Amino acid sequence: MARRIDYSARYTHPAEKVYSALTNRDYWEARMVELRKFSDNHVESFEVGDDGIDLVFHHIIPRDTLPDIAQTVMKKDMVITRKEHYSAFGDEVTGTYSASIPAGPGSLSGTMALFGTDTGSTLRTSSEAKVFIPFVGGKLEQLMLVNLVDLFRTEAQVTADWLAEQ
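Position in the sequence shown (first residue = 1) + 19 = this note's numbering.
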């Protein structure tokens, strides 16, 4: 059974400024620098075109830092490949993401929407976690989503800081 969660990052900057950051390679590198405080991370590919933004990055989490329940499933460091796509800029920017782990016992995916608000803009992410292991699957799904919200909070703060410095 899959579990879902929504997360909204609210910015005081208009959606156009947030989108502009997403099109900037330096912004993504700044995000990776912040995330390296927790684990090894790097941008694998980054493309901006008429259809929007496509990127792939890796999060590498050492096995010994994983919770005990996750260590029972993962026998090596966890390498998470995250792919994101954002549509071209418009009234509402839509996007998708997926995160995969080689030989991982499940999946993580979601949708994104960036839109203007009266006070700036919001980037809403809706995520779904699925783990295909009897008895512990639900616990692992919940653990994934809780950690995902922490990750999204960190990324939102990096974005807010980046925008404030520009």
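Keep in mind the hints are simulated off the structure, nothing from the lab.
Any given hint might turn out to be false.
Pairs of lysine-lysine residues, derived as DSBU-like cross-links and limited to a Cα-Cα distance of at most 30 Å, are as follows [claimed, not checked]:
1. Lys102 <-> Lys36
2. Lys95 <-> Lys36
3. Lys36 <-> Lys56
4. Lys56 <-> Lys158
5. Lys102 <-> Lys56
6. Lys36 <-> Lys94
7. Lys158 <-> Lys102
8. Lys158 <-> Lys94
9. Lys36 <-> Lys149
10. Lys56 <-> Lys94
11. Lys95 <-> Lys158
12. Lys95 <-> Lys56
13. Lys94 <-> Lys149
Quick caveat: nothing in here was measured; it's all calculated off a predicted structure.
Practice item. For the pair supplied as a hint, lysine 56 and lysine 94, confirm whether the alpha-carbon distance does not exceed 30 Å. Key: holds (23 Å)
Point to revise | Pair hint outcome, lysine 36 versus lysine 56 [Cα-Cα no greater than 30 Å] | key: Holds, at roughly 26 Å.
Review point. Under the criterion that the straight-line Cα-Cα distance not exceed 30 Å, is the pair lysine 102, lysine 56 satisfied?
Key: holds (21 Å)
Check your understanding: CA of lysine 36 to CA of lysine 149, is that 30 Å or under?
Key -> Given that 30 Å is the threshold and the Cα spacing comes to 34 Å, the pair is violated.
Review point. Has the given pair, lysine 94 with lysine 149, been kept, meaning a C-alpha gap of at most 30 Å?
Key: It holds: about 19 Å lies between the C-alpha atoms, which stays within 30 Å.
Check your understanding: Holds or violated: lysine 56 with lysine 158, Cα cutoff 30 Å?
Key -> The given pair, whose Cα atoms are some 26 Å apart, holds under the 30 Å limit.
Point to revise | Pairwise hint evaluation, lysine 102 against lysine 158, where the allowed Cα distance is 30 Å at most | key: holds (24 Å)
Practice item. Take the C-alpha atoms of lysine 36 and lysine 94, compute the straight-line distance between them, and say whether it is at most 30 Å. Key: violated (42 Å)
Practice item. For the pair we were handed, lysine 95 and lysine 56, check the Cα-Cα distance against 30 Å. Key: holds (20 Å)
Point to revise | Straight-line alpha-carbon gap lysine 102 to lysine 36, limit 30 Å | key: Given pair lysine 102, lysine 36 holds - Cα atoms ~22 Å apart, limit 30 Å.
Point to revise | Hint consistency between lysine 158 and lysine 94 [alpha-carbon to alpha-carbon, up to 30 Å] | key: holds (18 Å)
Exercise for review: Would you mind confirming whether the straight-line C-alpha gap from lysine 95 to lysine 36 stays at or under 30 Å?
Suggested key: violated (40 Å)
Figure legend: structure checked against the earlier numbered hints; hints not met, in rising order: 2, 6 and 9.
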